[in-house]
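*Asks:* Could you slot chains B and C onto chain A? The hints should help.
Here's the letter readout for the chains.
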Amino acid sequence: MTEQRIKTPSRECLIDITEQVKTIIAKAVINDGIAVVYCPHTTAGITINEGADPSVKSDIVRFLRDMIPRTYPFDHGEGNSDAHIKASIIGSSANLIVQNGGIILGTWQSIYFCEFDGPRSRKFLVKIIG
Amino acid sequence: MTEQRIKTPSRECLIDITEQVKTIIAKAVINDGIAVVYCPHTTAGITINEGADPSVKSDIVRFLRDMIPRTYPFDHGEGNSDAHIKASIIGSSANLIVQNGGIILGTWQSIYFCEFDGPRSRKFLVKIIG
Amino acid sequence: MTEQRIKTPSRECLIDITEQVKTIIAKAVINDGIAVVYCPHTTAGITINEGADPSVKSDIVRFLRDMIPRTYPFDHGEGNSDAHIKASIIGSSANLIVQNGGIILGTWQSIYFCEFDGPRSRKFLVKIIG
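Chains as they are written, first to last, in my numbering: chain A, 4 to 133; chain B, 4 to 133; chain C, 4 to 133.
Mixed in with the good hints there might be a few duds.
For identical chains, the list gives no copy identity; a pair is met inside one copy or between any two copies.
[What the hints assert, rightly or not] The calculated SDA-like cross-link candidates involving lysine to any residue, where the alpha carbons are at most 25 Å apart (straight line), are:
1. Lys25 to Thr11
2. Lys30 to Pro43
3. Lys30 to Pro57
4. Lys10 to Asp35
5. Lys126 to Leu108
6. Lys30 to Arg65
7. Lys30 to Thr74
8. Lys30 to Asp78
9. Lys126 to Arg8
10. Lys10 to Gly82
11. Lys25 to Asp78
12. Lys10 to Arg65
13. Lys30 to Asp19
14. Lys126 to Gly104
15. Lys30 to Gly104
16. Lys126 to Pro76
17. Lys30 to Phe66
18. Lys30 to Arg8
19. Lys10 to Gln23
20. Lys10 to Ser58
21. Lys10 to Ile33
22. Lys10 to Asn103
The hints are simulated quantities; they were obtained by calculation from the structure and are not laboratory data.
The structure displayed is predicted, hence computed values, not measured ones.
For reference, chain A alone in the conformation it holds in the complex:
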């Protein structure tokens, strides 16, 4: 298992971690199997989406902010229930197929760490099995 630290710059943002994940996979001894990219936080998640046009990730962030408003009458006293809900909707991990020592991604796919309650120091984990 490999642990990678990242810093998120704002309350809600998608950080492209594709290159970091590719580097981890390239160094691994297993070159055929499944990789799990795992987020150990409860107000953040992992998703796979378009990496070409940056407006896709800003649209995702902005739409989720409107769909799950922080101003909803939540009970949880920390003011971040919206972030917990987004984390469960996006999911805490992503599966990747590993083949010939590299990950199989579609033409437009990038891997994102989704911050919903930043800015913070965060980490993600990568585990490969063959």
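*Replies:* Just chains B and C now, kept in the frame of chain A:
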């Protein structure tokens, strides 16, 4: 594969199954790999979220009930289309990283069975691969 | 890894791929483990939900269309940000447990390829590890 039965007490609730999953992993012969916690039902799911403050899980349940109202003009005659939609949004399984015979969870993470059409007798499955 | 091509008939639809996935698993040499069904597109996803009554899948499609309207003021110029958001909410892959050469599905569960920006020629990938 291990099958675990649970009873859900109300129509919509999150049941903390972390200890049950930990016990299953502790008994397994594989102590390094990936575990999949799988829900074989179509009106329930599995998520990972905060386990410390119970208001987080009640906020998730209540917000999803408002976001996906049972009163929407659905076609499906059983009156539980809201539950099917929540199941697909939350997801039918969660990945866990297994290391040294235990699961890697973040400080605040717990594993939840998400009931959206209870109360019912349910089950979840755990499969570990190394 | 097996790649399977499909054609989607409309902009938003759920295509039942259960039989295709079962056939792929039946031909595989691994008969005990995990299978990942992976979608390499950024405006489509994979989910597991009810396969008995077709109104469940049409309710999912219709409700998601209302919840994430294409008419929202998105920045992304291709007019399909709604589809990208749906893809991240549904998820790009599903885990299946493989036992005795077959997949373990609940009584009512089917596997769906979720098209959110069709009609198109698409594909999904299946990777099995033991």
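*Asks:* State for each hint whether it applies.
*Replies:* Results of checking the hints against the structure:
1. Lys25 to Thr11: within (20 Å within a copy, 31 Å between copies)
2. Lys30 to Pro43: The answer is both: 22 Å in one copy and 23 Å across copies each meet 25 Å.
3. Lys30 to Pro57: Answer is neither; intra-copy 28 Å and inter-copy 41 Å both fail.
4. Lys10 to Asp35: This pair counts as neither: shortest intra-copy Cα distance 30 Å, inter-copy 28 Å.
5. Lys126 to Leu108: For Lys126 and Leu108, the Cα distance is within 25 Å both inside one copy (22 Å) and across copies (12 Å).
6. Lys30 to Arg65: Result: close neither inside a copy nor across copies, 36 Å intra and 44 Å inter.
7. Lys30 to Thr74: Neither: 44 Å inside a chain and 44 Å across chains, both beyond 25 Å.
8. Lys30 to Asp78: Close neither inside one copy (45 Å) nor across copies (37 Å); limit 25 Å.
9. Lys126 to Arg8: within (4 Å within a copy, 34 Å between copies)
10. Lys10 to Gly82: within (21 Å within a copy, 31 Å between copies)
11. Lys25 to Asp78: neither (40 Å within a copy, 29 Å between copies)
12. Lys10 to Arg65: The answer is within: 20 Å in one copy meets 25 Å, while 31 Å across copies does not.
13. Lys30 to Asp19: within (19 Å within a copy, 36 Å between copies)
14. Lys126 to Gly104: both (23 Å within a copy, 22 Å between copies)
15. Lys30 to Gly104: both (9 Å within a copy, 24 Å between copies)
16. Lys126 to Pro76: Neither: 30 Å inside a chain and 32 Å across chains, both beyond 25 Å.
17. Lys30 to Phe66: The answer is neither: 37 Å in one copy and 42 Å across copies each exceed 25 Å.
18. Lys30 to Arg8: Result: close within a single copy only, 17 Å intra versus 32 Å inter.
19. Lys10 to Gln23: within (13 Å within a copy, 34 Å between copies)
20. Lys10 to Ser58: within (21 Å within a copy, 28 Å between copies)
21. Lys10 to Ile33: Result: close neither inside a copy nor across copies, 28 Å intra and 34 Å inter.
22. Lys10 to Asn103: neither (31 Å within a copy, 28 Å between copies)
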